[in-house]
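Q: Residue numbers (the numbering used here), protein chains in the order written: chain A, 1 to 376; chain B, 1001 to 1376; chain C, 2001 to 2590; chain D, 3001 to 3332.
I should point out that these hints are in silico values taken from the structure, not numbers from a laboratory. Do not rely on the hints blindly, as some may be mistaken.
What the hints assert, rightly or not - Facing chain C, according to a computed beta carbon distance under 7 Å, are these residues of chain A, among others:
# : residue
1 : Ser-6
2 : Ala-49
3 : Phe-86
4 : Pro-104
5 : His-107
6 : Ser-108
Claimed, not checked - No more than 30 Å apart at the CA atoms, straight line, and that leaves these computed lysine-lysine pairs for DSSO-like:
# : chain 1 : residue 1 : chain 2 : residue 2
7 : C       : Lys-2322  : B       : Lys-1109
8 : D       : Lys-3241  : D       : Lys-3231
9 : C       : Lys-2073  : D       : Lys-3231
What the hints assert, rightly or not - Just a few of them, taken from the derived set where beta-carbon distance is under 8 Å, the chain C residues facing chain A:
#  : residue
10 : Asn-2025
11 : Asp-2077
12 : Phe-2080
13 : Lys-2385
14 : His-2483
15 : Glu-2485
16 : Leu-2486
17 : Ala-2489
18 : Glu-2491
19 : Val-2492
20 : Gly-2494
21 : Val-2495
22 : Leu-2503
23 : Leu-2506
Ideal Cβ placement from N, Cα and C applies to all residues, glycine included.
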Amino acid sequence: MLRVSSLVKTYDGGVQAVRGIDFEVAEGEFYTLLGPSGCGKTTTLRCVAGLEKPDQGEISIGNDKVFSSEGNTSMPSHKRDIGMVFQSYAIWPHMTVFNNVAFPLRHSKRKVSKSNLRDRVMKALSLVQLDALADRPAPFLSGGQQQRVALARALIYEPRVLLLDEPLSNLDAKLRDEMRVELKQLVNRLHITSLYVTHDQAEALALSDRVAVMNQGTIIQEGRPREIYLQPRDTFTANFIGKTNLFEGKVVDGAQAEGMGLVETPVGRLICRLPNGAQKGDNVQIVIRPEGVDIFQGNPDNKINVVEGNVIFATFQGDSVEYQVRVGDYLCLVKSDSLHEFAKERKVSLHFTPERCLVIPKTKNSVIESNQGGLL
Amino acid sequence: MLRVSSLVKTYDGGVQAVRGIDFEVAEGEFYTLLGPSGCGKTTTLRCVAGLEKPDQGEISIGNDKVFSSEGNTSMPSHKRDIGMVFQSYAIWPHMTVFNNVAFPLRHSKRKVSKSNLRDRVMKALSLVQLDALADRPAPFLSGGQQQRVALARALIYEPRVLLLDEPLSNLDAKLRDEMRVELKQLVNRLHITSLYVTHDQAEALALSDRVAVMNQGTIIQEGRPREIYLQPRDTFTANFIGKTNLFEGKVVDGAQAEGMGLVETPVGRLICRLPNGAQKGDNVQIVIRPEGVDIFQGNPDNKINVVEGNVIFATFQGDSVEYQVRVGDYLCLVKSDSLHEFAKERKVSLHFTPERCLVIPKTKNSVIESNQGGLL
Amino acid sequence: MTAATDVQGLSTGNGLLAGYLEKINVSRVVFVLVMAVLAYLMLGPLLFLLWDSFHPGWEIGDETAFTLSSYIKAYTDKRFVEMLVNTTIFGLGATAFSVGMGSIFAWLVERTNMPFRNVTYALLFAPIAIPGLVFAISYILLLSPDIGVLNKILMVIFSLEEAPFTVYSMTGLIFVEGLRLTPGSFLMMAAVLKSMDPSLEEAGYTTGAGILQTARLITAPLMLPGILAAFIYYFITVIESFEIPAIIALPMGLQLLTTKIFFATHTTTQMPQYSVAAAISVVFILASAGLVYLYTLSTKHSERYTTITGKGYRPRIIDLGKWRYAAVGFTVIFFSFSVIFPLLVLIWGSLLPYLQPPSLEALEFATFDSYLKVGNIPKFGLAMKNTLFVTFTVATGTMLLSSLAAWFVVRGRIRGGRIMDLLAFLPHAIPSIVVAIGLIIFYVKMHRSLPIYGSIWIIIIGLLTKRISYGSRIMIGAMFQLHKELEEASEVCGVGWLKTFFLVTLRLLIPAFVNGWLYSALLSIALFTIPVMLYTPKSIVFSVLIWNLWENAKVQEACVVGVLMVVITFTLVFVGQYFASRARVQQTLT
Amino acid sequence: SAIDVPKWWIGSKGDYEKLVTAAKKEGKLVWWSHPDPECRSLILAPFEKRYGIQVEHTEYTTAQIVQRVLIEGAAGLYSVDVSNLSVHHIPRLEKRGLIKKLPYKQRVKTYRDIPEMISPNSTALIGYTSPRSLAYNTKKLPNDQVPRTYEEVLNPKFKGKISVDTDLKEYIMLAQDWGMEKTKDYLRRLGALKPKFHPNNTVITQMVAAGEVLMAPGTIARIPLYEFKRKGAPVDWRALKPSVPLDLLLQGVMTHAPHPNAAELFIYWMHGSGEWLAGMEKCGGYGHAMIPGSKLQKKLEGVKVVPFGWAWGVKSAKEGLGEQFRKIIGAE
Ligand SMILES: Nc1ncnc2c1ncn2[C@@H]1O[C@H](COP(=O)(O)OP(=O)(O)OP(=O)(O)O)[C@@H](O)[C@H]1O
Ligand SMILES: Nc1ncnc2c1ncn2[C@@H]1O[C@H](COP(=O)(O)OP(=O)(O)OP(=O)(O)O)[C@@H](O)[C@H]1O
Ligand SMILES: [Mg+2]
Ligand SMILES: [Mg+2]
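With the rest of the complex left out, here is chain A (with noise of 0.2 Å):
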């Protein structure tokens, strides 16, 4: 349904927003651009807009080749057949919910008659209902009212494609979870091709049937949450997405059962998940995320993949505890459930489940981050 190839975009102040990118989403697909902030996500979808004018490459809605530098074209905006969500909302506030979400049928191209008109409208409304406040000023709602209604006017002239930029960064975090439940909702319901864009992984994650992981202006991994967060393909990607311990490694064993193999690590010996070709001798990187890792006090029966340490800092955090867990020279992020905590300064052993330790590749570019675990 959209398809975006070798895109390229720079500012006119010389920032090279977006560096070549390709992607394609499927009809009905739930598409999103996830990455750190100004990585051209919002400028990739500015242009699948219309909004942003791109340097090189083609966009296609559809059958139409919407934007083409080698064929010249550029189809504006208002001809493109989008529907689009804005971060700020862009509910105009001198109109009332209803005129607002009659607007693109009233005077654009599609114009339909006035009967028809309102029951459109009231359809619409109902869909992320607010068929109540139909008559209310825009300016009297909140947050999540308005970004219902910047919703229903996207959704109204059943757009090709929905594209929508942060839509759910506006709002309380409360608000957030519910409306992130809602938009899922509705988007399964009605089936429509979206591409979204947003920093936040857990959004990302829970939304998406394809996830695009950017840095920098490219895209750096393509798949479902899932895979994403599960087998990130390097240490941007699994950094990125959500929190992680990232250990350096060297292969030890790659011999071991199903995919399994005895990786050296600075807390020591871990049985991890190798990749495929991995060989003994290898200079591995091991993602854990923290809650893969087991927190616990006294021995354990079994000493595989068992390390001890000393609890720096808990953290309490509702429906689970974050530690940062001293061992040796190392800090591990732990996560484990909230109802017990270990008090800092408490000896702990921490066990590293072995399936949920991956071995990636070393790459060039693993910077050590700050909030992940990591050398004291």
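Take the given structure of chain A and dock chains B, C and D with the ligands to it, following the hints.
A: The following block gives chains B, C and D with the ligands in isolation, referenced to the frame of chain A:
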């Protein structure tokens, strides 16, 4: 250190923003006001800061009564010796980082010598790891850096109380996590009395020594994070702090061991933790957090507190999967390990850990909200 | 699916015209149109000015070769340096005074709980409508060392030998001119203040800086780009104006550049020398271009100063406490000078056969006759009708054009936005008399193809040319504050650029539009140089009527019409404020 | 025919009939002249009534008028029939062929009898004359202290209390009588008294009336002085000795007048009939010092009058005498 009593504030428009609030923050304590948008958190904070004039009540900082409606005293902001971090940071764009931080020492009554000034500013900057950027103009900072400048500016003169109004809410999800850790460490280190405002429960739980849950201008419950999350005193708190399964129930047997009792619920009889004084026949509500429910397949060994249901919806969240499981007429929220996932429509068993089934007395205002488990 | 068919139509080559029309980028077309209109409005007078300065007498058909004589005459005048120095002092002084006052009032009205803020807002407009001549003379009646009432009173109270003040001094001149320009700079500064996040100031208080310190160290520097813009605009206004200097500077023999222009163009003992006036105007134009360039340099990063709007932004009112009364006192004193005294003199003048210092004796002559006979003033009805037409057309035209230009300056991804900015600003530097002659020449020559010479339209064009600079300043400022996603949301959902501009952009900018409209309208009513030069019996307007009444010594009638103009002004201001505040209420809630 | 030839017409009857018939056919004429809306009916009504020709009058200053005529003329656009002009404008318009030579003296008795009324090339007519006198505030300046001569004006006690029109036209006229040196010297001495310079007559009269200045030598003794006095303002005027400058305001018919016959008839009628002069005198202040028996002529009897000479007007304009004088007195 800070005492607020019977604080009332009504805005010109007639909005009763704060309706009688009392709390006390001990020296060095980190105290958080947590509540939904519009509940009066900011108003309370601004009253403490002297940016808003309360209608009634008393506010003391240290030994000074900075406001008293009876005594008719009202100390202006700049004499209260407080530090404040604004949601928008309010970094002055016409100054360098250094000058922003030096401002409070230069232009208030607490003037210091020039060499001393430089030292203190640089010390404050290194506290927030910005010493390298001292001479950069403020507009050329990223959000996280601006946030840290705002902190340094508020801390440099060692105010008696530090006030923070959603300082993290304008940051990216990733950055927010990082800054949360940083803030917690900094405040711990400096042992500074802090009053924090947020609507993000995760933030409140992770950062605070004590949390006050607010709603509609009043404090609903006050306590340590663990208390607030694990022992909410009513459904508002339970609901607002994290996701919750909420059942209506009737105590069937109040005489079980160790404060446990048997409660009849729409999903079956459950062994729950009973509050003191719960009597057989009492109508109650049962609060069970999604992570308090285990999900598995096949028949369990133990049939106690186990019910069967169908997976309606599964949301992959990275570190966990959230399920909506239909049990009879009820939708249960369940959170479990992300390594395995139960497909939609799958028949599963749920185990409600007895000690995580919390019984609270039935209150009138227990509205069933949209994001909790509940009637289908 | 319309888009799809369009593209097919294009690719198959069917309906070439339809395809071509589809391809036209509306915003580009409008850009070219606006650019053309601005260039048309501005290049006419500018080219005339330049050409005439090298070809003296060209305008009246003298056959003249290229010569530098006008420049030599203008710049080798032995008092030229004196003029330049005086003009600069006058310009800086009056601008500083009016922008300073404008900023103070903007701050008081927008940021504090000073009582009577709304009245203040409305009253600030009043001085614009009082005819400049009357405004200036009223200061002679007030502050002249010989007959000034205020001086007399002070001399009695403090038993002084000599009058404490004199209006005949550089200070007096600066004071009167500054008073007259305060309303406009107030509007500019209020817009700047409105766009500033109040928490920046609050951060000042919480760190221990007092109200005044915060105002000085934080509010003022943050407003700097806005202050600078207003300063440049008013500096040019001051050095180019002659209304007040004619009554106050001329008598004391104070030499300004505009004095020279006045003598060159308003002489009856020889032919007017527009070329000399033009040569001097080049100073204004260079000053404008230079200042605008400086402004662009100094505010390169001003976009970074723009507000972080959205959550957490709410207008905050500073409690002045006891200082409220001081603020009101200050306001009352200011208004006494800027509005009440001149207005009283105007009313006083409308009751008496000629202007005289207020006294009981004079009261004997007082009569309301002239009010009753106002209908007898020849052409009064026609002038009223024309004035309303001209005012509405000029104000509306100015603001529409300014809004479009502002869009391209602020949003346009089209190169040339900056040029458009300059095009809109430069006419401001061309003295009205030069604009008027330029227009006469142009439209006399064009008369066969475009017969608007002698019609009311030439007046409208003249006024439009001069007003566009203010309108565009106001709209550019406002446009910077409008989140562009509001417009993009409309385009994305299928609404074309032009419709979006009117349905969304302009609609949301109504408060600024109304302010700019009012100011343009009031100035179009009040200023007379251009209408007096361009009018015909059919296109007479109030300002001309007043001027002619004055010339015929019908001072009383002139004052009556002046009072009527003030009444119209207030009506316009109140109606305008009503609409603006309604639109504002809706918007501040976002 | 029904057309009565008036007594003032000295041309042939046929000429008159032809002129009137053609003029009536044109039905209107466009007259640009000095501001004066109230007198308009007094002055023009007799003409309009007698001939049924409508006069469209626009108030422009002579400077504005000559500008427009020249600019329009250069572009071949002609919208005015009869214009009010100053002395130095005439040769310029003649040179451009924009002002019409008419047989004034052959058609109208008054013009034949007082040939000074007609410009040397018979292209313009002196419509009215404007003596310049001393305006003074009657309340602040007792009658016995009012200067009688130009010399008395220079009394140091009047320092700063004198208003001077920035045009200095009166001194340009006086220079004909005094000679250049004396005039310049006088201006230098006047300048030393720090007079207040004002840009126009109404402002000057206003300042005298308000008492801001005591007197204004060289003020037009017509509107607004007359008007102010009539309304009770404490102002009066007096002709200063030794000589009274007399400004000449000319009327001329444009070569390409859209209504040539109406225009010609109008300008013949102007001083031919006497109705014009009567109207002007009734309406106040206006007059014609050259017409025997007129109010102004009587008033100036025995006074030395210095009219603006035709050649002098042109010469002084060419040399920029006004500017030179302004520099001497310190206004520019
Ligand atoms: N109009 C512009 N002119 C110049 N540079 C720009 C412009 N818009 C964006 N950029 C730059 O291009 C890069 C990519 O910006 P973009 O807005 O696409 O990032 P993003 O991934 O959406 O980030 P965020 O999560 O902060 O919204 C950034 O470095 C940004 O500073
Ligand atoms: N200046 C004001 N004038 C009138 N009403 C106000 C003003 N400021 C806040 N309110 C109202 O007072 C109530 C409490 O506002 P407050 O800002 O304290 O809420 P909050 O808890 O901080 O919410 P949020 O999380 O959205 O910041 C709200 O209903 C708000 O609309
Ligand atoms: Mg973005
Ligand atoms: Mg708040």
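Q: Among the hints numbered above, which are violated by the structure, and what are their numbers in rising order?
A: 1, 9, 11, 12, 13 and 23
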